[in-house]
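Sequences and hints are given; from them, build the entire structure.
Same order as they appear, the protein sequences are chains P and H.
Okay, so the first sequence: first residue is 314 according to my numbering, each after it adds one.
Okay, so the second sequence: first residue is 2 according to my numbering, each after it adds one.
Everything labelled a hint here was simulated from the structure, so no lab data went into it.
Each hint should be verified, as a subset may be incorrect.
Restraint ranges, calculated between C-beta atoms of paired labels, are given here [unchecked claim]:
(1) K489(P) x E75(H): 28 to 34 Å
(2) T150(H) x P450(P): 54 to 60 Å
(3) T431(P) x S156(H): 52 to 58 Å
(4) S398(P) x V80(H): 48 to 54 Å
(5) K385(H) x P421(P): 25 to 31 Å
(6) N237(H) x Y490(P): 22 to 28 Å
Computed from a prediction, not measured in an experiment: that's the story for all the values here.
Ideal placement from N, C-alpha and C gives every residue a C-beta, glycine not left out.
One-letter residues, chain by chain:
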Amino acid sequence: MKRLIGLLVISVMSLLLFACGNDTTQTTTAIQTNTTTATQTNLTTAQTTSTNVTTTLNIESQIYKLLIEAEELSGMTDWNGLLISVGQDLNLPTSYKGVTITYSSREPSIVSNDGIVTLPDECWIESREQDGVTPIPNLNDNWPVVVDVLMTYLGHERTAKLMFIIAPEAGFTCDKYKG
Amino acid sequence: MKKILVFGLLLIIGFMQNGIVNVHASSSDIIYTDEDYARLHTVIEHVENILKYGHAYNTDTNLLPDAINTLTGEPAKWVFPNRAEVAYSDVANQQNFYRTLVALSTVTGDDKYTNEAKAILGEFMMNYQNVNGLMYWGGHRTIDLDTLTVQSTESENGPHELKNMLPYYELMLEVNEEATLQFIRQLWTAHFRWGTADLNRHGSYSSAADVNVFGQPMIDDIIVMDELGLPIIPSNSPGDLPFVNAATDLAYAAFTLADYTGDPAPQAWAEYLMRQYHLASNPVTGMTVYQYKSTQISKSPSECADPTYTNSGCGDRVARQFRDFGAIARESNVEWKNTQAIYVDNILMLLEAADKYGIDYYVDWARGYLEGYLDYTYIRIDGKNMVIPMFNDGTVTYGYIVPEAGYYGPSNMRLGYVEMPTTYLLPILRTILATDLEEDQVKLWTYFREIVDTFGIGDVGPLGGMSPDLNLDTAIDDPFALMAMVELYNATLNPQYLEVARTIGNNIVNEKFYRGFFVESEIMLYSRLDQPDTLALLILDGVIRGIDTADMPYYLADSGYIHGYLLANDGVTEDRGYTQTYIYTKTIYDWE
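Following this line, the structure appears as structure tokens:
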């Protein structure tokens, strides 16, 4: 009992010192075994309530870092900013060390939510001279496509955005002047 | 024994369940260290040098120059096209210095600094107020420190212009109540058209004073929706450009007036004005606007044939230069330029109005604008916080190659990402702190957490910020990051925020304090009075001493500038430019 009280006092003191507070973590359930070693280190089974508190915070912090790692190392950003001129499957990663990764394209007919690129049959923007008549060919043919990314892990979320530049297919049209 | 255990557990759970609570240290038990004193000492040295060299230039006046040459101690000078050099004092551009002076008196207990600020403002308001009430200050008027006469930098009769300068009205009212109230009333008379809600950033010094100011009948909202529920932006403004940066100053002044006098009319008009921007916002994306009207075309087609002639009489300048995009291409809808005015300066004013004057719904507006903006535009690229350029309906303009020159840049310019500055930290954090419900804080907190981390400050942790994992050795040397950490400390009392704030403060001193002055970096020539670094350092110092931040001057903006005609850097040609691009970019190597 003395050890339990001592542990409790230390926990309270550390909470006062470091003002631990609100935490949105839903669970102290052990993270799946395919997480990083660092994460696993912090998943020691909780022995007391106070230890649970500390562990919960550690878990939250580790999950946060894991989600950052997923964004940076999963390969999702490999195509970012590159000109894509061939219809193809970008093979966007859908998981990373237990993190689920989903995509939502703002131009799904060009880049699907599964990362399949279909080259458009028309240009992005038709540009014309000031007279509004004379075309300026090939100035703004390539489409910027934003894809919103959602990474989730045990109820924790992180968002990101990707930017793909997609060229229209050969023989595309460009006759949709809006000016 | 069990009771003790239960009590202890309840205490722990209590800590765990708190969201963001605004608790303020009533008295400080923080140890004031040598490093803390060293930081304060640099601020004192900077202030003393500004006062010493500033006053030495002309001992017949209390007025100070806007900036001081850190090699010579001389004032910065505006060089007119005729080569006349004018040492300028623009009181609108020195607001953060007055706040610094008052803050320095607060932390040191020495009234001399506040008295300096009062002496400057007193002399200025006594001698440099037009008979109609407008002050000779702002974007196009300044005081010549040699002759102590008014100078215009925009032809002979430059207009009155304030853009996000947000004067230190509390102190002005203390110094000269009548002059301050007269100014605020004339600010509206000169800039706002009561019958049409046209607003011009320029106000005439010839405008007559209106005894019935704010007594005009309230008009209907001029923004109405189309059949799709989208706002119709009128194109009938007679040469006026209702920029939000000018409106922010008008609204702030009117809120101050209403609060000070108890007259509700100025507040009603300020709310009317801000509502036009809100109504003009995109209801789907939440992104808001830079202006709620476009200008009427008053120039002939031949006059406007040259795309580099960007006079607003040729109509909406985005509609001209970005016409390829169709109807969405309007100045009001641009989300890659002037966004600091929209999402930082205006939101800080809205939150101030919510806090001080009880206009609670501004917090919801601020949250909606920021969430929409971040949802659609915020992207991390190569470890940096960036913004995707787009119109406010979400139409992406990234990668667009501009066919011809215009107001927004040269021909063949390719639109790329825009770097998100650290100034965004404050409106995001203050919006979170002003939001009541925890569930409404979640989205902005998530963005805030990511943005802070990407700036290299570390992890503020889950919602509430009570368990951060900050980078106590961060290299960031930024006053906005510093103020954000101080405000988080105030909200949580978690000492990590104070420690990282101290680190940032030390970085600011190490990277920006040279030759006895705060400068942008070691090689920069001029020390600007309006820089926010010293105020941020004093706010930190006050918190360490246990001074409630409510008792300290508050940071709102640092947008002071002068705009007009000057001699180009080639020393021969005439140009039209800003102090920020012509003068404050000079380095010590430019000085001979």
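In rising order, the numbers of the hints this structure does not comply with: Violated hint: only 1; rest satisfied.
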